[in-house]
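Novice: Make a model of the complete structure from these sequences and hints.
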Amino acid sequence: MAKIKYHILCCGGTGCHASKSDVIMSRFNEVINEKGLTSDAKVVATGCFGFCEQGPIVKILPDNTFYTRVTPEDVEEIINEHIIKGRKVTRLLYTDPAKNEHIEDSKHMNFYKKQIRIALRNCGFIDPENINEYIAREGYEALSKVLGEMTPQQAIEEVKLSGLRGRGGGGFPTGLKWEFASKYQADQKYVVCNADEGDPGAFMDRSILEGDPHSVLEAMEICGYCIGATKGLIYIRAEYPLAIHRLKVAIKQAREVGLLGKDILGTGFDFDVELRYGAGAFVCGEETALIHSMEGHRGEPTVKPPFPAESGYLKKPSNVNNVETFANIPVIFNKGANWFNKIGTERSKGTKVFALAGKINNVGLIEVPMGTTLREVIYEIGGGIKGGKKFKAVQTGGPSGGCLTEKHLDVPIEYDTLIAAGSMMGSGGMIVMDEDNCMVSVAKFYLEFTVEESCGKCTPCRIGNKRLHEILDKITKGHGTMEDLDKLKNLSQVIKDTALCGLGQTSPNPVLSTIDNFWDEYVEHVTVKKCRAGVCTSMLKFVIDPEVCIGCTLCARNCPVNAITGERKSPHQINQDICIKCGTCKEKCKFGAISIK
Amino acid sequence: MAKIKSLADLKNLRDNMKSGIDLRERGDHPDALPQVKVGMATSGIASGAKEIMNFMIDELDKRGIPAVVTQTGDMGYCYAEPTIEVKLPGQDPVVFGYVNQAKADEIIEKYIKNGELVDGILPVNFRSVNE
Amino acid sequence: MANIKLAEDKLKALIEVCKSFNNEKGELINVLHKAQEIFGYLPAEVQEVVAHELNVSVATVYGVVSFYSFFTMKPKGENPISVCLGTACYVRGAEKVLEEIKKVAKVEVGETTPDGKFSLACLRCVGACGLAPVLMIGQKVYGRVAPEKVNEILAEY
Amino acid sequence: MGKINLIIDNKPVQVENGTTVLQAAKEIGIEIPTLCYFQLKDLNIENKPGGCRVCVVEIEGRRNLAPSCTTNCTEGMIVHTHSLRVLNARRTVVELILSDHPADCLVCPKSGNCELQNLAHRLGIREISYQGVQSTYRKDTSPSIIRDVDKCVMCRRCEMMCNDVQTVGALSAINRGFTAVVAPAFEQNLDKSPCTFCGQCVAVCPVGALSEVDNTPQVIRALTDKTKTVIVQTAPAVRVALGEEFGMEPGTIVTGKMAAALRELGFNYVFDTDFAADLTIMEEGTELLGRLSDFLAGKKDVKLPILTSCCPGWVNFLEHNFPEMKEVPSTAKSPQQMFGAIAKTYFANKIGVKREDLIVVSVMPCLAKKYECQRDEFKTNGDPDVNYSISTRELAKLIKMANIDFVNLPDAEFDNPLGESTGAAPIFGVTGGVIEAAVRTAYEVFTGQKLPKIEFTELRGLEGVRSATIKVGDLDLNIGIANGLGNARKLLNQVKKGEANYHAIEIMACPGGCIGGGGQPLHHGNSEIILKRSAAIYEEDRNKPLRKSHENPYIVKLYEEFLGKPCGELSHHLLHTHYFDRSTKIEIE
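Chains as they are written, first to last, in our numbering: chain A, 1 to 597; chain B, 1 to 131; chain C, 1 to 157; chain D, 1 to 589.
Derived by calculation from the structure, the hints in this document are not laboratory data.
Even glycine gets a Cβ: it sits at the ideal position worked out from N, Cα and C.
Warning: the hint list may mix true and false statements.
Subject to a maximum C-alpha distance of 35 Å in a straight line, what follows is the list of computed DSBU-like cross-link-like pairs (lysine-lysine) [what the hints assert, rightly or not]: (1) K62(B) to K50(B); (2) K541(A) to K102(C); (3) K471(D) to K544(D); (4) K315(A) to K34(C); (5) K316(A) to K19(C); (6) K96(C) to K477(A); (7) K85(A) to K110(B); (8) K565(D) to K228(D); (9) K397(D) to K139(D); (10) K103(B) to K20(A); (11) K113(B) to K50(B); (12) K3(D) to K48(D); (13) K10(C) to K76(C); (14) K316(A) to K41(D); (15) K96(C) to K530(A); (16) K74(C) to K192(D); (17) K103(C) to K586(A); (18) K26(D) to K487(A); (19) K262(A) to K5(B); (20) K315(A) to K160(A).
Below, a sample of chain D positions facing chain C; criterion: calculated Cβ distance under 7 Å [said to hold, decoys possible]: (21) S172; (22) A173; (23) N175; (24) F186; (25) I586.
Specialist: Next up, the structure:
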């Protein structure tokens with residue numbers, strides 16, 4: 001059987017599909033058949049290139065030619081020129097916007113630089129249950145470099161120079177944190193890895209632990225050397241059985257080869273790691289709460305100072321970093337701080353991993369340099385909004401973050417710019433919402449989460465968030481007043497101002513940011529009792545169009561509360577006082593006579 | 001496993017490994033074999049990656065195709081799981097998404113055997129720092 | 001105070017677990033995880049034993065058990081159903097799936113069916129957001145669950 | 001350490017390093033309102049979870065408001081305690097607390113003495129803007145304490161007292177978020193928990209979530225029942241604290257006014273627990289001497305050190321936590337129960353009243369006494385030796401209810417014969433007092449010589465654990481003293497491990513002894529009050545003509561007429577008791 005010479009890759013992603021990629025594909029097949037090229041070329045549908053703005057995309061292998069904005073009319077030309085004559089169709093080539101020149105080989109396209117994988121460098125490449133694969137990709141070289149060539153202070157300086165900031169949400173400079181912990185004297189210190197990823201809709205840390213557990217172990221050892229600790233603890237959610245398994249395997253293998261334990265790499269440095277399990281409490285992502293939980297207590301935060309660097313686990317100096325932060329560390333030593341700090345922006349260095357989810361085509365795990373805009377992430381990597389719907393908002397930072405809108409799409413992703421925009425980096429959840437999402441309901445959803453996850457220690461979070469949720473609930477049920485909106489604002493501000501821990505202080509952010517950005521929607525809910533997204537069912541009114549209804553009685557027979565009346569063969573009516581807005585009638589009607597008003 | 005006692009040990013091991021990740025057991029020229037990696041993070045497994053991995057191992061064996069099948073972590077394309085990456089000798093790796101048994105069968109028959117691509121390719125849209 | 005009665009083999013296993021953690025107070029949460037594995041849940045008696053073995057007050061143990069949502073004092077059903085209500089699942093309609101399960105299995109959140117077949121719980125993000133909405137029955141994950149598919153899924157059990 | 005300069009409300013202030021903003025403000029006369037914060041300075045008790053957020057202040061340069069109770073002063077800090085932002089936040093926080101608090105102030109046990117009520121008043125709150133569901137819990141009534149935790153504000157003071165100070169571990173914060181509350185394990189009743197009923201949780205609760213069981217209705221009913229003879233005994237610590245309930249200076253001794261008020265209330269005989277305290281010394285002292293001489297004679301298995309047994313909270317604690325030591329304490333009943341036993345036998349007989357027609361009421365600084373008098377072993381045919389025990393606070397209520405002008409009441413005397421006491425008795429009300437009283441008598445009995453100096457100042461003080469060696473003839477008597485159950489635990493663990501070599505140990509459950517009891521007027525964290533009560537107790541001792549229990553003529557008479565000799569057969573029957581193992585047992589099914 002002859003080998004296929006050319007593969008014609010057509011994007012079958014939703015975005016390109018909307019711009020007729022299916023037509024293009026069948027056109028290609030047609031032309032190939034017509035010209036008898038079936039043994040030379042083959043059309044292959046692919047997933048989204050994440051480049052939908054330039055779609056539909058057609059890529060030709062083996063020469064990596066990347067054609068953009070291809071139309072069915074272009075197909076014949078591509079076949080004739082490229083497949084038959086071997087000449088590229090220049091006018092369809094991707095144009096580098098910066099240099100304004102055509103790029104022939106897509107490997108040189110800027111587009112592939114949108115994502116740089118540092119923390120995720122090994123995820124999806126190596127077998128996480130085989131330490132040798134990690135070693136083959138420079139694994140544990142950073143450790144050997146630090147142990148063999150650097151003093152703890154020098155290593156801390158390197159981390160400081162790299163500009164790495166905590167990836168768990170707060171963005172505190174990691175090197176500085178290590179330096180604090182290194183300065184306190186104690187007979188025992190601890191390195192703690194925060195793997196209690198509780199942000200709903202975020203799974204970066206889990207992916208790193210499942211895909212590259214050794215990178216975290218190696219980083220913890222480096223940190224231990226820097227701050228003078230010989231013990232490491234990983235606080236991980238019990239809900240992550242696979243990550244726990246892979247970590248256990250990794251720890252076992254590292255011990256077996258002597259990369260954990262006594263006298264590591266013959267340098268006299270001792271370090272070992274143990275696991276501690278979380279038990280389902282979001283608040284334990286806060287470092288003081290996490291420490292209390294590791295000590296076997298209720299995971300309640302305590303007032304800082306004292307910081308863990310001074311008095312942490314078992315009252316000993318402890319350094320807490322999250323998984324993604326640690327995963328960056330080996331690279332910083334392997335490539336140098338000066339390499340690392342060239343990535344990103346002035347105040348936010350390196351990359352950030354996001355769990356891209358929601359109403360977006362390419363749900364997934366992405367890693368982009370700091371400073372990438374939300375637009376690039378959503379439209380170029382995420383492939384745009386699912387089902388061709390209209391973008392409405394993107395939520396970052398989970399329950400501590402906020403909803404950003406159209407006007408924020410060109411905001412570069414950095415710790416400080418996101419805060420300025422009313423959200424925050426958070427741990428890396430990024431949820432995209434479309435016109436079908438009601439922003440009041442979204443705020444309510446997050447508050448419900450906060451209410452459920454509040455530890456209950458401080459008044460503003462324990463009672464304040466409950467009241468916020470109640471007010472939001474009232475609004476979504478159609479009973480809100482303008483006064484309620486004032487209360488929402490004041491209460492949110494007070495909670496932000498007075499709550500005990502970082503989580504409490506940021507818990508009103510989903511409310512404040514939606515009030516800021518979607519004020520009209522709130523006002524609509526309370527004044528005209530309308531939910532434009534059609535989510536708040538109690539505000540909906542199901543009505544039967546008498547012009548369309550033929551009186552088949554199907555709706556009346558299916559209504560669970562007998563709210564529909566009418567003679568057979570004449571238009572029916574819905575009694576709004578009885579209707580529970582379940583929507584069954586609308587589903588059942590075969591004539592589309594029932595609509596929501 | 002042998003202890004790694006020094007930096008030199010570590011470098012030796014790395015160099016040995018680098019020539020073919022985890023393929024040492026398979027003979028002298030692992031690069032000459034097709035390599036299949038299955039994304040086996042929680043979400044991958046949840047969408048059936050384990051079954052696909054077993055299928056690939058069994059079928060390649062049955063059909064007498066020498067190849068190496070390993071697991072790996074999250075490739076990032078959560079929307080298209082299960083995902084597998086196939087690297088044919090001397091070629092760039094190709095990632096396939098939405099892999100079910102029929103697709104896996106097609107991949108073996110068409111791509112692994114004949115180098116003929118099949119629908120469901122996921123374009124790689126990132127660079128890794130290790131590359 | 002009341003005397004505690006427990007089956008001998010399980011009691012022994014529990015005491016053994018405590019011992020394996022050196023009866024350290026700080027290991028309370030680890031011990032409770034193991035205890036829940038042994039008993040399936042954490043009834044008062046089990047908490048009393050743990051308190052006794054680790055030399056902490058029962059109130060403290062209960063304070064911890066009632067704080068963490070992973071711990072339960074109610075026995076779970078043979079097939080515990082967990083519906084993910086994480087954000088990704090929420091925006092993709094997890095609530096409707098939940099309502100459907102309540103209807104089909106006739107069970108409320110936090111409850112177990114009278115025949116002990118199913119129990120229902122909500123959880124926040126299993127990390128399979130790409131498959132949203134997601135539900136788990138036992139250890140098995142079901143992704144891209146539409147309300148219409150609920151009947152079919154539950155019929156497997 | 002160095003001094004720190006800062007500015008609070010435009011006023012400069014210099015403080016020691018480590019001072020909190022709350023303390024610094026106080027130093028210049030600015031009282032920042034607090035709720036969860038609690039301190040008994042002289043007893044080293046502090047609660048500052050930083051949870052209520054009432055004491056927040058604005059610190060220039062900080063993004064959020066800071067809780068002044070947990071924020072340390074730093075050089076150059078500029079603090080505003082009443083900016084608009086602070087006032088709005090503080091008011092909102094208090095309104096939030098009120099929104100989850102039953103508004104039944106009119107009938108709340110803490111009404112008029114409630115810190116939340118005061119706070120709302122002080123902030124001028126006239127309406128609660130944020131209304132919503134309130135958290136509700138099961139009400140729990142034990143023999144001593146009522147828990148109505150719908151009113152709990154999560155200040156965590158009770159939890160701190162129960163766990164950190166008392167190490168009882170009956171209470172813990174449970175649940176989380178909006179439903180978080182402080183409760184016993186499994187939200188069961190306190191009497192199913194290891195609670196000792198010491199009442200320290202009640203003593204510190206700022207609101208009406210924890211209160212004493214109100215026994216005044218039974219007392220009023222008894223007083224109006226013509227067929228009953230009602231007698232009352234009052235504990236030593238009551239007379240130095242009762243005045244506070246009527247606005248008198250803490251530490252005012254109101255023994256005479258109290259006796260007069262009780263008589264006006266209609267008690268047929270107004271007696272004194274102090275009498276029974278002297279009796280206790282006779283019994284307990286004799287028991288101590290007996291064990292000591294056995295020990296000195298080289299006998300094996302002598303239970304030493306002897307532990308005092310006057311304090312019912314402590315007895316409960318021992319039964320729950322140290323059941324293996326239940327043979328060690330003195331078998332002597334507490335003064336309350338000795339009084340009851342004598343009243344219902346010797347005295348009933350003397351006045352020709354049938355046991356069942358005699359009602360014995362005790363007034364105690366204590367809530368555990370309510371539980372103690374209900375114990376089965378203190379009943380004869382179901383009739384308790386002491387019928388009702390009311391706290392100092394309840395007595396004050398009764399007096400107010402009866403329209404008695406307490407402050408202007410002329411002094412009156414106790415009735416005889418059970419009203420007479422020596423100076424050794426009142427000091428039972430303060431830590432170290434019981435053992436001092438015992439030593440006074442033991443010394444003279446053991447050596448046959450008169451005490452050269454009556455006051456043993458080495459046994460006094462408020463320190464949690466104290467020890468002293470007293471020369472009694474040739475014998476060096478090693479004494480240990482603990483107040484507060486946590487300190488008792490420390491001392492007992494030392495004894496268990498053989499690290500301490502005491503002959504006798506006095507334990508009182510409450511910090512400071514009975515003067516700091518759970519039934520006393522609320523001190524609201526002012527430990528000066530406890531110091532003043534202590535001083536008053538010693539003054540009461542000094543004012544007595546006789547200061548050693550064995551010199552009490554009525555005690556001497558009691559033995560001659562009725563009991564025979566200390567630790568004799570009848571005393572053994574009436575005045576001694578035994579203890580139970582109340583720890584949790586694990587059985588195999």
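Novice: For each hint, tell me whether it holds in the structure or not.
Specialist: Going through the hints against the structure:
no., hint, result
1, K62(B) to K50(B), "holds, 18 Å"
2, K541(A) to K102(C), "holds, 25 Å"
3, K471(D) to K544(D), "holds, 25 Å"
4, K315(A) to K34(C), "holds, 26 Å"
5, K316(A) to K19(C), "holds, 25 Å"
6, K96(C) to K477(A), "holds, 17 Å"
7, K85(A) to K110(B), "holds, 26 Å"
8, K565(D) to K228(D), "holds, 31 Å"
9, K397(D) to K139(D), "holds, 23 Å"
10, K103(B) to K20(A), "holds, 24 Å"
11, K113(B) to K50(B), "holds, 22 Å"
12, K3(D) to K48(D), "holds, 23 Å"
13, K10(C) to K76(C), "holds, 18 Å"
14, K316(A) to K41(D), "holds, 27 Å"
15, K96(C) to K530(A), "holds, 21 Å"
16, K74(C) to K192(D), "holds, 21 Å"
17, K103(C) to K586(A), "holds, 20 Å"
18, K26(D) to K487(A), "holds, 33 Å"
19, K262(A) to K5(B), "holds, 11 Å"
20, K315(A) to K160(A), "holds, 26 Å"
21, S172, "holds, 4 Å"
22, A173, "holds, 5 Å"
23, N175, "holds, 5 Å"
24, F186, "holds, 5 Å"
25, I586, "holds, 5 Å"
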